[in-house]
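*Asks:* So you can see what is in the structure, the chains are spelled out below.
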Amino acid sequence: MIDLLFYVLMSIGLCFVFLGCVGLLRMPDVYCRLQASTKCVTLGTGSILLAALAKTGFSAIGMKALISLVFLFLNSPTSAHALAKAADISGIKFWEKPGDEKIYPAKPRPTVDSDIE
Amino acid sequence: MNQLLVFILLFGIWKLMTWSNDLGSYIAGILSALFITLLYGKEFPYHPKHTFQIRRYIIFIKFLFVFLYQMIKANFVMAYRILSPGPPIKPGVVKISLRLKSPLGRLILANAITLAPGTFTLDITEDTLLIHWIYVGTTDPVEAEEMICGNLQSILKEVFE
Amino acid sequence: MILLFSFLTLCVAMCVYRIFRGPRAADRMVGIDILGIIMIIFCVLLSLSTGSEWYMSIAIAWAIIGFVSTLTLAKFLEGRNLND
Amino acid sequence: MKKKGMSEIVQSVAKMVFPFIVLYGISLILYGHITPGGGFAGGVILTGGFVLLVLAFGTDYAFRILPVNVAKALDSIGALGFLAVALLGFTGGAFFYNFLPKGHIFHLWSSGTIIISNIMIGLKVVAALFIAIAVISKARLIRTKDGFQYKQSGERKR
Chain A
1 MIDLLFYVLM
11 SIGLCFVFLG
21 CVGLLRMPDV
31 YCRLQASTKC
41 VTLGTGSILL
51 AALAKTGFSA
61 IGMKALISLV
71 FLFLNSPTSA
81 HALAKAADIS
91 GIKFWEKPGD
101 EKIYPAKPRP
111 TVDSDIE
Chain B
1001 MNQLLVFILL
1011 FGIWKLMTWS
1021 NDLGSYIAGI
1031 LSALFITLLY
1041 GKEFPYHPKH
1051 TFQIRRYIIF
1061 IKFLFVFLYQ
1071 MIKANFVMAY
1081 RILSPGPPIK
1091 PGVVKISLRL
1101 KSPLGRLILA
1111 NAITLAPGTF
1121 TLDITEDTLL
1131 IHWIYVGTTD
1141 PVEAEEMICG
1151 NLQSILKEVF
1161 E
Chain C
2001 MILLFSFLTL
2011 CVAMCVYRIF
2021 RGPRAADRMV
2031 GIDILGIIMI
2041 IFCVLLSLST
2051 GSEWYMSIAI
2061 AWAIIGFVST
2071 LTLAKFLEGR
2081 NLND
Chain D
3001 MKKKGMSEIV
3011 QSVAKMVFPF
3021 IVLYGISLIL
3031 YGHITPGGGF
3041 AGGVILTGGF
3051 VLLVLAFGTD
3061 YAFRILPVNV
3071 AKALDSIGAL
3081 GFLAVALLGF
3091 TGGAFFYNFL
3101 PKGHIFHLWS
3111 SGTIIISNIM
3121 IGLKVVAALF
3131 IAIAVISKAR
3141 LIRTKDGFQY
3151 KQSGERKR
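Chains as they are written, first to last, in the numbering used here: chain A, 1 to 117; chain B, 1001 to 1161; chain C, 2001 to 2084; chain D, 3001 to 3158.
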């Protein structure tokens, strides 16, 4: 039973990590790449850490896996947010499908030069 | 009171981290947790008044289940978007209103939106969240809030305020 | 176990491709961020296959350092100084 | 007046995560003789925590937690303490002689003087790297005709 849980969680995690990396290759601009890779890789890593916790039970490996699980779920969205905000400030445009109408008015972005004297 | 709770939390994490059972481990844990509490105990974002209200924990567990469901759904939606040819995406930016005041609640809401299907938080100000959406359904703020975070915000408002 | 490691090596190859190829600096930073998380998975798998708990401490340390370095890169990309 | 530091989410996360980074660094230092880690690795992790504070809030906040004068004192204490442990080995007859009693194997107190040396090395590394960060954070990026250039902008005038 425990073995079955271990294999299921591990294969789910590896599949999602692989999908996240494929998304890193296929998406057209920075923001979409960040979306695809952050979501898939975070859930995949969480699933693999849970698999380690299920395999070893209450031991040193399992507890450290639990700590790094909490740490990862707190930090990974935050670093994604920081990267996206930095890319927005540094002036990278959003990708649009050719032929679509503009959906949103672009917000005024401060350029890099204004921060530097 | 706040600092006592931080001390207990840190000592628990120390025991989980080292996972040994001799006397020296207890002494070192107590000393280092005391040191960190004296160094940084006041700044730790914690709600000491809310700690012993059981109702909030029950609502928070409900929030965790809603969030888990959203996250798994997000991954399957994203897998569909990645694997189908000529990715079916229409990225754009929408605004939704933010009514939470407590910093911990705002943090958890922003991170939950980042892991929810097709969206992530691009910027945060006093009362609005700027959200990048990979397939824009609507540009109206109220409808967008209904579609993106559902009832997450009201649940978090019950937990943290 | 060999199969899992080769699978992960494929993921690392994709990230490295993105780091080398990325048209702007932000793409490379996304690649570096994801690479850091994949290294944590490597540590967990090594820990499970050898049975020693020490690899897990490396995983936690790697998570901490990866978080701080990503924030540093983001702040550099914003064009600000360390003190701002 | 522009607001200092990064966005609000990063600040909240930094406040939550900083105590755990410090706790993990201390545990790496104290368990350096029976697990991987040791003085240098733990010191670098601790400095990572302070770098996180500097990034999220600016240097003033970080200097309120660990003032520069205290860091200078810790630097000297680390170096002198390490030397003192080494010299006290002459009580047993040799430089770096392990004169303290050794306890049970794989417990925390099982190595005599090694743990004290590790603590001293950790203090030294934290203080030195923190002072280096404090010096670097005073540099400013200036755009000139040729490109970017770093310039030191202190209050001190020559």
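It should be emphasised that the hints constitute simulated quantities derived from the structure, not laboratory data. None of the values given here were measured: they were computed from a predicted structure. Certain hints may be false.
[To be verified] 25 Å max Cα-Cα, derived SDA-like pairs, lysine to any residue:
| hint | chain 1 | residue 1 | chain 2 | residue 2 |
| --- | --- | --- | --- | --- |
| 1 | D | Lys3138 | A | Leu69 |
| 2 | B | Lys1015 | D | Val3044 |
| 3 | B | Lys1015 | D | Gly3112 |
| 4 | D | Lys3138 | C | Arg2080 |
| 5 | B | Lys1042 | B | Leu1016 |
| 6 | A | Lys55 | A | Leu69 |
| 7 | B | Lys1015 | D | Gly3103 |
| 8 | A | Lys55 | B | Lys1042 |
| 9 | D | Lys3004 | D | Arg3140 |
| 10 | A | Lys55 | B | Lys1095 |
| 11 | B | Lys1015 | D | Lys3145 |
| 12 | B | Lys1015 | D | Lys3004 |
| 13 | D | Lys3145 | C | Arg2080 |
| 14 | D | Lys3138 | C | Asn2081 |
| 15 | D | Lys3004 | C | Asn2081 |
| 16 | B | Lys1042 | C | Asp2084 |
| 17 | B | Lys1095 | B | Thr1138 |
| 18 | B | Lys1042 | D | Leu3066 |
| 19 | A | Lys93 | C | Met2039 |
| 20 | B | Lys1090 | C | Leu2004 |
| 21 | D | Lys3145 | A | Gly91 |
| 22 | B | Lys1015 | D | Ile3105 |
| 23 | A | Lys55 | C | Asp2027 |
| 24 | B | Lys1015 | A | Lys93 |
| 25 | A | Lys55 | C | Leu2004 |
| 26 | A | Lys93 | B | Thr1139 |
| 27 | B | Lys1015 | C | Leu2045 |
| 28 | A | Lys55 | C | Met2039 |
| 29 | B | Lys1042 | D | Ala3134 |
*Asks:* Now, for every hint given, state plainly whether the structure supports it.
*Replies:* Each hint tested on the structure:
1. Lys3138/D - Leu69/A: Roughly 36 Å separates the two Cα atoms, so the pair is violated.
2. Lys1015/B - Val3044/D: 22 Å, holds
3. Lys1015/B - Gly3112/D: Given that 25 Å is the threshold and the Cα spacing comes to 23 Å, the pair holds.
4. Lys3138/D - Arg2080/C: 12 Å, holds
5. Lys1042/B - Leu1016/B: Judged against 25 Å, a Cα distance of about 24 Å means the pair holds.
6. Lys55/A - Leu69/A: Cα-Cα ~15 Å, so holds.
7. Lys1015/B - Gly3103/D: Holds, because 21 Å separates the two Cα atoms, which is no more than 25 Å.
8. Lys55/A - Lys1042/B: Judged against 25 Å, a Cα distance of about 39 Å means the pair is violated.
9. Lys3004/D - Arg3140/D: 15 Å, holds
10. Lys55/A - Lys1095/B: Given that 25 Å is the threshold and the Cα spacing comes to 44 Å, the pair is violated.
11. Lys1015/B - Lys3145/D: 57 Å, violated
12. Lys1015/B - Lys3004/D: Not OK: Lys1015/B and Lys3004/D at ~36 Å, beyond 25 Å, violated.
13. Lys3145/D - Arg2080/C: Status holds; Cα separation ~19 Å.
14. Lys3138/D - Asn2081/C: 9 Å, holds
15. Lys3004/D - Asn2081/C: 11 Å, holds
16. Lys1042/B - Asp2084/C: Roughly 24 Å separates the two Cα atoms, so the pair holds.
17. Lys1095/B - Thr1138/B: 11 Å, holds
18. Lys1042/B - Leu3066/D: 15 Å, holds
19. Lys93/A - Met2039/C: 31 Å, violated
20. Lys1090/B - Leu2004/C: Given that 25 Å is the threshold and the Cα spacing comes to 35 Å, the pair is violated.
21. Lys3145/D - Gly91/A: At roughly 21 Å apart (the allowed maximum being 25 Å), Gly91/A and Lys3145/D satisfy the hint.
22. Lys1015/B - Ile3105/D: 19 Å, holds
23. Lys55/A - Asp2027/C: The given pair, whose Cα atoms are some 36 Å apart, is violated under the 25 Å limit.
24. Lys1015/B - Lys93/A: 48 Å, violated
25. Lys55/A - Leu2004/C: Distance of about 16 Å is within 25 Å: holds.
26. Lys93/A - Thr1139/B: 19 Å, holds
27. Lys1015/B - Leu2045/C: 24 Å, holds
28. Lys55/A - Met2039/C: 20 Å, holds
29. Lys1042/B - Ala3134/D: Holds, because 24 Å separates the two Cα atoms, which is no more than 25 Å.
In terms of the numbered hints stated before, the structure departs from hints 1, 8, 10, 11, 12, 19, 20, 23, 24, listed from lowest to highest.
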